[in-house]
Amino acid sequence: MKIIETEQPKEDAGQSLTDALREHSKKPILLMVSGGSAFSLLDFVEPSVLGPHITLTVLDERFSSDPAINNFTQLEQTKFFASCINKRVQTISTKVLEYESLHGLHNRFDTALHTWKEQNEDGVIIATMGIGPDGHTAGIFPGEHGVDFNDNTWVVGYTVPKEVNQYPERVTVTNTFLRNKVDQAIVYAVGSDKYRLIQKLQATETSIQEIPATIFKEMPFLIIFTHS
9 MKIIETEQPK EDAGQSLTDA LREHSKKPIL LMVSGGSAFS LLDFVEPSVL
59 GPHITLTVLD ERFSSDPAIN NFTQLEQTKF FASCINKRVQ TISTKVLEYE
109 SLHGLHNRFD TALHTWKEQN EDGVIIATMG IGPDGHTAGI FPGEHGVDFN
159 DNTWVVGYTV PKEVNQYPER VTVTNTFLRN KVDQAIVYAV GSDKYRLIQK
209 LQATETSIQE IPATIFKEMP FLIIFTHS
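Numbering-wise, the sequence shown is residues 9 to 236 according to the numbering used here.
Simulated pairs of lysine-lysine, BS3-like, Cα-Cα distance not exceeding 27 angstroms:
1) K35 / K125
2) K125 / K34
3) K95 / K34
4) K35 / K87
5) K225 / K189
6) K18 / K87
7) K189 / K208
In short, the hints are calculated from the structure, not lab data.
It should be emphasised that the depicted structure is a prediction, and the values quoted were computed from it without experimental measurement.
With the sequences and hints as input, model every part of the structure.
This is the structure we're talking about:
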């Protein structure tokens, strides 16, 4: 885990993603992006590094048909997504289908990830990530929620209490996937509360159950961009 404090974290994180995509341009790439504030770094990715060797999807999904809530639908509204379509980037959609259940989306997303990996054994998985004020990352929230994020599964679908998050139904990759399958990750984390969490991660032993972003320390190649 490397931390970079900079006066322009969005721009520098976007450049880091550009560099990663360029470095692995000769291989198939699965690019998994986080929603929320982490979307903003995508504005600074150079379109020249995009192409049909890339498959784009999200790292986690809010189970909702509401376009103001669903992460993939929001991704579709970005300039970055328009550049991806223009460059013939492939996609794995996590938009909720008509009559689809939470379990159905969970299975569809899990199958899509396994299929991509089976078809691209030498492929590279790159993720953009964020961190919430509560220490959550991807769709993994603090506390016990009746699911195991550390078993052999890649994706889980579950419900968190509304007092934990306003979007309770979630589909997310697991710690196992982040730890063992993501080759490179770029974290965008700006704000005093997030900065304090990052400093805590760096300075102390933290519990992955209490602060899910502790997974950052277990991932093979991860850079955090934060404000100086």
